[in-house]
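Peer 1: Below are the chains, spelled out letter by letter.
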Amino acid sequence: MFFQQLVNGLTIGGVYALIALGYTMVYGIIELINFAHGEIYMIGAYAGIIAIAAAQTLIAGGIPPIAAVALALLAAMLVCAAYGFTMEKLAYRPLRHAPRLSPLISALGVSIFLQNFIMIAQGTRDKVFPHLFENTVAFDLGSVRVSLIQIAIIVGCFMMMALLHLVIQHTKIGTAMRATAQDKTAAALCGIHVDHVISVTFMIGSLLAGAAGVMIAMYYGLVNYSIGYLAGIKAFTAAVLGGIGNIPGAMIGGMILGLLESFGAGYISPEYKDVIAFSILILVLLIKPSGLLGENLAEKA
Amino acid sequence: MLEIRGLHVHYGAIHALKGIDLRVEQGEIVTLIGANGAGKSTTLMSISGIHAPSSGRILFEDFPVEGMRPDRIVRAGISQVPEGRRIFARLTVQENLRMGAFARSGSSVGNADLDTVYDLFPILRERRLQRGGTLSGGEQQMLAIARALMARPKLLLLDEPSLGLAPILVERVFERIREINRSGVTILLVEQNAHMALHLASRAYVMETGRIVISGDSRVLVGDPQIKRAYLGEMDIDTTQKPTRSA
Amino acid sequence: MTDSNGSNSRFLKSTVHVLLTGFGLALLLLPFFPLSRVLLFTPWLLALTTLVRLYPLIRSHLRIPKRVRSIVPRASTGSTCIASTGLGVAAILAIACFPALGNRYTVDVGVMVGIYSLLALGLNVIVGWAGLLNLGFAAFYAIGAYSYAILNTRFDLPFWPGAVLGVLTAGFAGFLLGLPVLRLRGDYLAIVTLGFGEIVRVVLNNWDSFSNGPNGIMNIDRPVVFSYTVRPPYPFYYLVWITVFIVYFFLNRLYKSHFGRAWIAVRDDELAANAMGIPANRFKLLACIIGGAIAGLAGVLYAAKVSFISPESFTFMESVTILCMVVLGGMGSLRGCIVGAVILVTLPELMRDFSNYRMLLFGAAMVVLMIVRPQGLLPPQRRLEA
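Protein chains in written order, with our numbering: chain A, 1 to 301; chain B, 1001 to 1247; chain C, 2001 to 2386.
Any given hint could be a false lead.
[To be verified] Facing chain B, according to a computed beta carbon distance under 7 Å, are these residues of chain A, among others: (1) G28; (2) E31; (3) A51; (4) H131; (5) F133; (6) I173; (7) G174; (8) T175; (9) Q182; (10) G191; (11) I192.
[Claimed, not checked] In silico PhoX-like cross-links for lysine-lysine, where the CA-CA straight-line distance does not exceed 25 Å: (12) K172(A) with K89(A); (13) K1228(B) with K172(A); (14) K89(A) with K184(A); (15) K1154(B) with K184(A); (16) K288(A) with K127(A); (17) K288(A) with K273(A).
Don't read these hints as lab results, they were simulated from the structure.
Positions of the beta carbon are idealized from the N, C-alpha and C atoms, including for glycine.
Work the whole structure out from these sequences, hints included.
Peer 2: Rendered as structure tokens:
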């Protein structure tokens, strides 16, 4: 039981962490809770499924499973980055200097729009992620069953997080993102094109969410146009738990939330799984709003 | 080199600049002095493209730059050391400096420049892997100046480099500014420390509530009784004392 | 800052006091009633003790120093006042005559417009006046509706006492949720309220013995006035709109009093308001209580109208829709709330034929509205910000 929940928790936690990164990066740079980020994740899942279906019909004899997964990930990341870019440009950039509430409502609008857009385009019924692998159990110890997909998700998440860390810490654009997050005016005075950096931030965050969408579609086998909302809120919880605006915080927050949820479902009750996440969110905000690794935000109050 | 004609800036309902005319010639040090809220920083921020002017022209090397994007203006050759330094506290000293060279393409470009500014400010070399926020006030000011130099500006705008520094450090910073100017960089210096600024600069403009009220040779202005009373104090003052206004 | 810390600790004390008294009363009931009934009554006891506890607070501390009254300008008078009075009379006549022109269906829509107007008015106190973004407002609506529904179907409590208890409970929930408000910044608050809304919904959905889970509660009684049952749509229409007018009138008075001015001061600059001697925290809390209570009232009316409620009626989308009514009408404006409710209730009804695209357009419209006219259709006339 314990190990089973541990593995399940790490799997789901990795996915939360990937989505949470998008929230935290965007919040860090423009202090916006991008409510539409959950929908980007949902779009990623759909893009992955569609890409595989397209490849399987176009290429005679089908494609090997590994290639299919790679294709799905690639397609989802590209599509999501495009959506992230467009979303920022159309719905948030015109509101850069508006009162805080305006971009937030705009984000809610984008979220509703995207969700209904996919509902109309893809229908209300669940979409099935193709069954790619025959033997999916990596090891089976009687009480503990770990599937290949779980291992792939956990490893994949860690790889993407490591890659992101490299980009943020050691490239010019990554440094510019950190600089812009700290002081937009000073960044502009250094010759950094701030709008460009914000676009890139949205694209990277969206791309990670897209990858998370494909992973979750592969894990559960089913996706629906409405999955973005709950996943989005939970990933946001993870971001807040780790300290919003803090990138390692989002990674840790995602893992912790995934584990808590998984153990909560296992030991308390699966129905209240979602309540656990929300209660954690409220508790963290009440006790330590800056999160585990965040800077002290209370000063800005 | 820089010419401003009839510059007006509004913040919402507030008319911050009411028709500024100003010239800076190649190789000069020009200072812009005046009290808090006179519009000095607004002038610099308009030159750098952070605030869009409501009317007027800003010509840099006879080329209009008003309303241009801030990063393009940096690329054109105007760098600013903003008021309060505004270094990136959570970036290392070296990262701060590399950000200064952001607008210039190519990744190797920075290394030679890094050496140049490290030679100018040796303390920064020692601290290059430290986070900007851990530096002392004087070191942060030097970092801010060094960061602006990384863009290889033709014109350097300095906003209150003496702010919050001990007198001995102010001397040192001003000495560096003179050195930078000698290496061929034109300088427009905004200061509340009128005494120091007038001694450093060749020409000066005095601002009051969004207008330029006096301009001329700084040696003449130092002797001007009106300036003395309003900005320098009547007695021989020490450099830390903030100029006070009677009006 | 020390002042705000002091008032925080006083608040903590009074909260503890409320909880202790409430649970104490519940314990007193325990020998005479079975535990399950006592548990059900506990929230109402807590609500009552909150009210008792808060009454002197409201009286003594919400009085604003005279100098604040002289600083904050009075509402404008003169021609605009006359014009708006004329418009108001016309609006009242239109609302009163509407059932004569419509059929059962349109009057039924009219009832829903009234209920949503109440919700928008309640949310406006929290978001528009106190400046606290709330994304879980449907929770108060649900609490009001479920309070009445449970009291009525299980304890045979008639409408009027049930309605009072429903409003009290929702107000108490506003108080509970209001406590974190004292500490949190704008968008964090949005998320906390969102989480609160979801928790309420998920609990209602899963706690079968309490709320009958997703099946909801059926056969809720209609209101009875002098042995006459008020049924939808026609008589109920008037009941709802009379309630809307009473609430509107009450809020209008409140807004024009120093309460309203203090809220605006707190919203625009909390630090300055505190420095002026306006107890910002208390005003925020009061806004949450009033807003919650009004939503509770709307919930009671809704439960009595449809006679069947389930958690499905109180989703996040519901909260967003109410927020949009406030924003569309113009934040802080009472007339705007009604206009927003009218538009956002009737428009979807008119668009039933292409209902698929309805929400798509709704989302896009929110973005466009924010870019084109962020202040809404009818922003408040008295603009206190520079």
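Peer 1: Which hint numbers doesn't this structure obey?
Peer 2: 1, 2, 3, 4, 5, 6, 7, 13 and 16
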